[in-house]
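Participant: If you use my numbering, the sequence shown closes out at 332, no skipped numbers anywhere.
Hints in this document: simulated from the structure, not taken from any laboratory.
As the structure is a prediction and not an experimental result, all values here were calculated from the model.
Don't take each hint at face value.
What the hints assert, rightly or not - Capping the alpha-carbon separation at 20 Å, the derived lysine to aspartate or glutamate pairs in EDC-like fashion look like this:
hint : residue 1 : residue 2
1    : LYS299    : GLU260
2    : LYS299    : ASP264
3    : LYS299    : GLU266
4    : LYS299    : ASP278
5    : LYS314    : ASP252
6    : LYS314    : GLU243
Unchecked claim - Pairwise CB distance ranges (calculated):
hint : residue 1 : residue 2 : range
7    : TYR241    : ALA273    : 17 to 25 Å
8    : SER272    : PRO293    : 18 to 26 Å
9    : GLN281    : ALA302    : 52 to 60 Å
We put the beta carbon where it would ideally sit given N, CA and C, even for glycine.
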Amino acid sequence: QASLNAPRYWEHTTARASSDGFALIRLESGSDHEVWEALSALLATDGSQLGRGADHKHKSPPYNWLKLAAAWRIEHHALWDKYAGGRQTVAAGCRRVLRA
233 QASLNAPRYW EHTTARASSD GFALIRLESG SDHEVWEALS ALLATDGSQL GRGADHKHKS
293 PPYNWLKLAA AWRIEHHALW DKYAGGRQTV AAGCRRVLRA
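Turn these sequences into a full structure, and let the hints guide you.
Facilitator: Written out as structure tokens, the structure is:
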């Protein structure tokens, strides 16, 4: 069974010290390589469809590809606890179904 604790890679003190209760952690292409590559893959697109429509009226230079420029991870302990509670509820429901 997966842990219900917040991920080890979180910067736990940053979010807890925030007056908002959450933190935006900037991802770096080098140290967060796997996540960066996954997010970059989401930008794969048909380049012939770029430079048309709403973005075209801004008179941007011609382009046919998208490149990830920045990304952040949101760390919010209260929402993580809510998520973990939801996982427990779903797991308990699955166990009841399997016993039936």
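Participant: Each of the hints needs a verdict: does it hold here or not?
Facilitator: Outcome of the hint check:
1. LYS299 with GLU260: With Cα atoms ~14 Å apart, LYS299 and GLU260 stay inside 20 Å; holds.
2. LYS299 with ASP264: 16 Å, holds
3. LYS299 with GLU266: Status holds; Cα separation ~16 Å.
4. LYS299 with ASP278: 13 Å, holds
5. LYS314 with ASP252: 16 Å, holds
6. LYS314 with GLU243: 19 Å, holds
7. TYR241 with ALA273: 17 to 25 Å: 20 Å, holds
8. SER272 with PRO293: 18 to 26 Å: 21 Å, holds
9. GLN281 with ALA302: 52 to 60 Å: 23 Å, violated
Consistency note: the structure conflicts with earlier hint 9 alone.
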